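Visitor: Line by line, the protein sequences are chains A and B.
Each residue of the first sequence is one higher than the one before, starting from 1 at the first, in my numbering.
Each residue of the second sequence is one higher than the one before, starting from 1 at the first, in my numbering.
Don't take each hint at face value.
To be verified - Below, in silico cross-link-like pairs of lysine-lysine (DSS-like), each with a Cα-Cα straight-line distance of 27 Å or less:
| hint | chain 1 | residue 1 | chain 2 | residue 2 |
| --- | --- | --- | --- | --- |
| 1 | B | Lys286 | A | Lys208 |
| 2 | B | Lys345 | A | Lys208 |
| 3 | B | Lys355 | B | Lys415 |
| 4 | A | Lys208 | B | Lys419 |
| 5 | A | Lys76 | B | Lys429 |
| 6 | A | Lys140 | B | Lys148 |
For the record, the hints were derived by calculation from the structure and aren't laboratory data.
Just so we're clear, the structure is a prediction, and the values are computed from it rather than from any experiment.
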Amino acid sequence: MTNVLLIIFAITLLYLGIAHRLLTYIKILALQGVLLFGIAFIELIEINAANLTFVLLETIVIKGIAIPLFLNYVMKRNRITRDAEPFLPNFVSLIIITLIIIATFILSNAIDDSRISKIYFVVALSTLFTGLYIIVTRHKIITHVMGYLIIENGVFILSLALGNEMPALVNLGILLDVFASVFLLGIFVNRVGDVLKDVDVDQLKSLKD
Amino acid sequence: MTGIYLAGGFGLSALLFFNRNKIIRYLLITTFLLLQIGFTVYEYLHPGTTELTYFSADSLAILLLVTLTIISIPAFYHSYVYLSSKQDNPKHTAIYYASMAALLTAINAAYLSNNIAVTWIFVELTTLAASALIYHRRNNRSLEGTWKYVFVCAISITLVFIGILFLSFSLPQAGTDDLSFNNLLKKASRLNVFWLRLAFIFIFTGFTAKLGLVPMYTAGIDAKDKAPSPAGALLSSVLMNVGFVGIFRFYIVIANSPIHSWANHVILIAAMLSIFVATVYMTRVKNIKRMFAYSSIEHAGIIMLGLVAGGVGYYAAILHVILHAFVKSSLFFQQGQIYRIYQSKSIYDVGNYFKYNLTGAIVMLLAFFFATAMPPSGLFISEFMIFRSLFEANYLWILIVVMLLLTVIIWAFGKNIFKLLFTPAVDFKEDNIERINPAESISQFILLGLVVYLGLNPPQEFITLIQEAIKNLPQ
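Modelling step: build the complete structure from the supplied sequences, incorporating the hints.
Guide: So this is what it looks like as structure tokens:
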């Protein structure tokens with residue numbers, strides 16, 4: 001069952017590659033939150049109940065509901081246009097993300113450790129690199145934040161791979177999540193929108209040598 | 001005592017945040033400094049104690065703690081001068097002091113923590129506090145600097161976390177699940193090599209954002225440039241040391257594992273690229289503060305070379321870290337005065353500094369000699385030892401390239417500093433420039449004096465502490 005969920009998760013990455021509108025990105029992030037909820041539920045069922053509740057609440061409430069709603073609010077408030085404005089055509093994105101997944105498959109064959117299941121490793125790493133790819137190839141600051149959130153999801157999957165033995169690490173991952181969301185989104189909603197009207201990375205190019 | 005300090009530090013920071021009364025603010029800051037000094041003295045007198053499970057005062061922590069306390073006092077003083085020199089919004093002033101106190105507390109905790117996960121948490125907190133300081137001026141460009149700093153630091157913190165995850169994958173083979181540095185050191189030879197390599201790459205890359213090495217150095221440059229100069233002094237001295245602590249403590253573990261020489265190659269590449277990047281930018285940078293920031297990148301590279309070379313290089317690396325913190329913070333403190341006279345940071349707008357601020361110009365000249373590691377600077381001693389260890393470790397070609405690059409850096413640095421000191425400024429109106437009180441430079445003289453003293457005639461206690469800090473590295 002976890003394998004099915006993880007594969008669906010990998011498919012959402014491909015969908016990210018061809019998505020046009022920011023709203024689609026937000027929906028994908030929400031879906032990923034729900035998928036992580038499922039994976040965490042099945043995988044961590046052995047750890048103590050309080051901790052499990054905490055992890056599940058974090059995935060479903062923060063990742064699945066709060067952050068997507070918040071991103072939606074930021075988009076409306078700052079009147080950000082709907083298009084994701086990639087530098088590269090979507091077809092190329094799709095190919096590159098596929099290549100990322102294939103590359104992590106090949107990389108995972110180098111592992112000779114029976115305790116860590118390879119599918120976690122593959123999905124986590126490809127999520128990570130897809131997030132980086134999204135950051136590099138999109139114009140708007142808000143898509144950079146979304147790319148970062150995708151990276152966070154990848155890290156969360158990776159921490160689940162060892163979740164039963166070291167649940168403390170899953171909690172640390174959640175701490176990272178909370179920290180980063182407060183941080184990036186907090187600054188975003190407060191200031192960037194007020195100072196720079198249509199938010200675009202091109203406006204952040206004055207500091208250089 | 002650590003518990004009291006952490007509660008007190010963050011508590012005072014919260015009080016500073018909510019308080020709007022001037023007198024109470026100064027009282028709170030004095031209390032914070034007393035707490036900081038008291039805590040440092042306590043830890044100095046009780047070396048090796050572990051408190052709250054996760055904080056132990058080993059010799060490296062004590063050395064850096066004392067460095068931090070010495071720098072924090074002038075940092076608050078110069079912040080006071082900076083903030084009272086203009087009509088500032090009381091809310092912004094409150095946020096400034098509160099985040100400075102929080103930053104210092106978090107840095108302290110990061111020095112003391114003996115568990116890589118705890119170090120990681122406090123490094124997160126330093127990013128949070130530092131970003132409030134960088135954003136202090138609240139204009140477009142400081143927003144840009146803050147945004148870049150936050151984003152790059154968030155990414156690098158994530159990288160460190162991934163590294164910690166990989167590290168935990170390597171643990172079951174050694175039959176343990178404890179991430180404290182001591183335990184990792186004990187089990188170092190039995191950790192799974194594949195995961196350990198990945199862990200090292202990610203943790204090293206993540207901490208380079210704080211230390212200021214290739215690849216993640218970029219955010220630090222903008223941050224040090226846009227932050228007010230007293231805050232810039234903290235960012236380029238004590239906050240850099242946080243990155244060093246993270247890398248160094250993990251490096252001790254790696255040095256006792258089978259991948260030591262492989263890790264040395266990784267660090268060597270990062271260090272050489274850092275010195276190269278610093279050289280390239282130093283020759284063309286026109287902003288004085290950014291020039292200082294690039295000089296920090298160069299010194300971070302030299303410190304890493306000391307680690308790579310081994311032998312006497314380990315000792316020299318720690319010495320270099322401490323002395324560099326003193327030199328660089330005094331340069332940044334002094335930069336605040338330059339800005340007040342010329343209202344500009346560009347090298348084109350400044351000049352003839354001796355005429356307008358004699359004491360400040362002397363500090364600038366001295367600090368330039370000290371930062372480029374010329375005698376009698378203590379950095380000369382540490383750099384010389386690092387070069388010697390490189391020679392002894394048969395890194396002759398590396399040594400030659402580094403020396404060539406350093407020569408270019410000294411030339412570029414000197415060109416700009418002598419322009420500032422002696423060449424008359426173009427179109428500069430001398431009518432109502434601010435008179436700078438010479439007393440404002442006293443702290444810089446003290447810091448520079450310390451650099452000479454600790455470099456040329458180090459007290460026995462100081463040497464013992466450094467030797468204690470490197471005792472777990474293979475000789």
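Visitor: Checking against the hints above, which ones are violated?
Guide: Of the numbered hints given earlier, the structure breaks just one, which is hint 5.
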